[in-house]
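Enquirer: Using the sequences plus the hints, can you model the full thing?
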Amino acid sequence: MRPLRDPRDYQEERRLGARVTVIQVLFGAVLAVYLMTFWYLQVVRADYYRRLSDSNHLRRVTIAAERGLITDVEERPLVGNRIAFNIRLDREKTENLDALLPRLATVLNVSEATLRDRLARARGRPRFEPVVLKEDVDLKEVAWIEARRLELPMLSVEIESRREYPHGDLAAHVLGYVGEATEEQVKSDPEDLFDLGDIVGKAGLEREYETSLHGIKGWKEVVVNSHGREMQEVGEGRPPSPGHALRLTIDLDLQRTLEEAYGEELGSAVFLDAKTGAVLAMISRPAFDPNVFAHRFSQDVWQSLVRDPRHPLQDRVSLSKFAPGSVFKVVMTIAALEEGVAKPERLDHCTGSWRFGERVFQCWGIRKGGHGWVDMRQALIESCNVYFYRLGNEMGIEKIAKWAHLLGFGQATGIDLPHEESGTVPDPDWKAKAVPRDPIWHPGETISVAIGQGALEVTPLQMAVFAATVGSGGTVLKPHLVQAREAREGVEQGNDNDAVLRHLPLHPETIKVVKEAMWGVVNEAGGTGAKARIEAYDVCGKTGTAQVFKVSRDIDADKLPKDKRDHAWFVGFAPKDDPQIAFAVFVQNGGHGGTVSAPIAKAVLERFFAQREGLKGGLSVASAAPPR
Amino acid sequence: MSQARRHLGSFDGILFLSALALQLIGLVVIYSSTVGTPSAGAFQRQAMWMALGMTGLLIVLVIDYHTLAEFSVVFYAGCCVLLLLTIVFGRVVNASKSWLGAGGVQFQPSELAKVATILMVAAYLGRDQVRGLGFVRFAAVSGIVGLPVLLIMQQPDLGTAATFMPLLVGASFLAGLRIRTIVILTLIVALALPLVWGHLKPYQKERVKIFLEPTRDPKGAGYQLIQSLIAVGSGGVTGKGFLSGTQGSLQFLPEQHTDFVLAVVAEERGFIGSALVLAFYFVVLTRCIATARGARDRLGAFIAMGVACVYGGQALINIGVVLGVLPTTGVPLPLLSYGGSCLVSTLLGLGLVLNVHMRRLVN
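Top line first, the protein sequences correspond to chains A and B.
Residue 241 in my numbering sits at position 241 of the first sequence; the count goes up by one each step and never skips.
Count along the second sequence starting at 1, add 1000, and that's the number in my numbering.
Honestly, the hints are just simulated from the structure, not real lab data.
Incorrect hints may have been included.
[As the list claims (entries may be wrong)] From the structure, some residues in chain A lie toward chain B, with a derived Cβ separation under 7 Å: (1) PHE38; (2) GLN42; (3) ARG50; (4) PHE356.
From a predicted model like this one, the values you see are computed outputs, not experimental measurements.
Note that the Cβ used here is the ideal one computed from N, Cα and C, for glycine as well.
Expert: Here is the structure:
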């Protein structure tokens, strides 16, 4: 019942009803369009948006793989991993940072500036990502933090695997060190094993066997929110597969003996199994402690190592080259005999010097008035320069260079280390290329080379390999450091046959003369290597002195300042008839080879033969158990 | 006594229950999309506002709408004063001053102004002697709507200001605005548009540009739109389930419990959920329109249609934004979105409609 007072009211009423219907239809139509839009998005395009949604909130997070261990030949650990604790700050839980920092500085025993620096570096990172305030804290600090969870909720302890070198600087140059992968390394990584910032080998075996040690990273899928914070884990992912272990040829006992015997000298020494080329012990001094590189070490440590004028990071076994000095006379002898230039019976008279052209070449025993009449064996034992000056002059540089090359000089030995110096064996061709301002080979240079001076340069490793070659009568070995390494399935043994590079068909007479002479150097009265003599083990060797400073006749070499003194070589093998071990000991600025280098060799050899005797005698020494 | 009983018998239960259902859906979605996020307290606050809004609805229901209309000038003037106070003393949130604090409670006078303006327009156009809408009366209606709109634009809160437009258009149309006048007005607006564009703030221009080309800046302003579409689309037919919407709870979707609450419903409940929400809105709107149709007088019809236009229009704008068919305006979805002022305002509006429906029969 409507109050209809006027027909126009009735009209208006109807019109109003019609207009209401228009609005109603409009609303209904828009709602219908929206319903269809929902249908299109949620039914027709659902898969497309579902994929977009997943890629929005699912992230693949990688899990680092444990690095492979490195052990000595008897599986005693040389490199391991340990758990390290880092203290982190959750910035989201920190209300008043400025008030907290001084307190944290006291608690963590870190300067406030350091803390501020670390926080500043993390400024660009998402806020929920904790900032590491102090790395590798000890358990006492961890306990302190854990006990104050309520009081300092913004601090947490992060557990991380860290590379550990339990013996400190022992064999540091062999083992190498690790660090964060650089962009360059990531680019050159063929198997895509690592990403920027991963811990990878930077030097030594850590680098050489990186692909084996590194392992394969695992991953898990996590749900993240729009800020990237991990909310939960989903699915299984792939567990990381740890890196493979390396068993080295290094013997920890021998290595320790060598490190002790070497004392505080600078230089290097390497001892090889004379039959296989396996490196038994190897040292380079000064050394460094690879532990300091184990993780994001501070720039200061790095800088101090790089700037150290003594270059502690330099591996002096395979990366430094020096004049071989008198040791090269052994090469001269072999070359002369094999080329038929001279016979062992060749006699020569040494008066203490030899004038050749304009120049007078000195013999080292000058103050005794020369060596007098010497044959080849005696010239080698007494290391008579004049004998070899003349022999070199007769033979000519080509033949010398040919035999130096055959015996392994001027080329890399092929050891399993990332880099190796090949040294220099000079000859006219080399000089034409290397010395453009004076490309002509002068005969006087041959005479310098004949006693291991001049442009001739060798690495201590080449010297040790050469000693093994002489000891075996002509077998050139490839030195190696890894005995066995774990492979994907089982263990891959190093094959000793691979270790033989070539056999030189040397005449037995040549070997006999050289070995007799080298035996004499150590075992005959007045021999320069007498300090390496071991009863019943027939140690053979040759001392050498590489000139650093030109000594004139009125200066006593032993009274020179240490850094002007000559480098001391002692190179050899033992026992004479069936060599088991070959070695090169090099002491920088050590003066005469026999004085400083020979005793070092003797200490290691004694230890080596004691071990062998222990085995032969059936003595059960725990550490001498046959490797599994 | 008998009158009260008859009124009770005429109570529109369907409208009330549909509105209640939407509010409850809203509560569930607010909980699901904020749990574990910084906005986690929203659920409790919304429930509190709901109780307050329901009380307001009852008060509005009890007083005869004719009495309310008599005092509409007072309400209207009061709201305008509040809007002025907001401009002066308001709290700044998201670069606009739209909140007024009273004790610990914050509210937006602009939401309250909607109800007062609806009542004011209805009181003006609902007088029985008004027939047809000439230019003068249209100007008067424009003035009534325009004053609060201008005040709200000073805050500036363009979105809320825009929700007054359906009232002006709807009321003018219902009052009989001639087609010729509509055409002329449209031309004027079309000519004025470039001038308006020149006066828009840079962020407002950016919103319009992004609406026209959403991939323009996917990490910036277009981000909301894309994330909303992903939320809706990835819900599929049945949805990801309660508390399982990744877009909402992982905070990819901004304003997940306020302006984009429907996107969360769509994500967690799928097409079934979105269709259900649309159906409830359809019922609410239909009941409002039916109330207008069956109203005892023009005043009742204009009140019911005003409420339908303002809140229905706001709902359509909001849903359009969620679906990417309209530019981002920052308008909440009535009844569903988190936000006390909007909820209370909507419930007051529905209280008016229920009031009209309850008193549709003449004594």
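Enquirer: If you test the structure against every hint from before, which numbers come out violated?
Expert: Of the numbered hints, just 4 does not hold.
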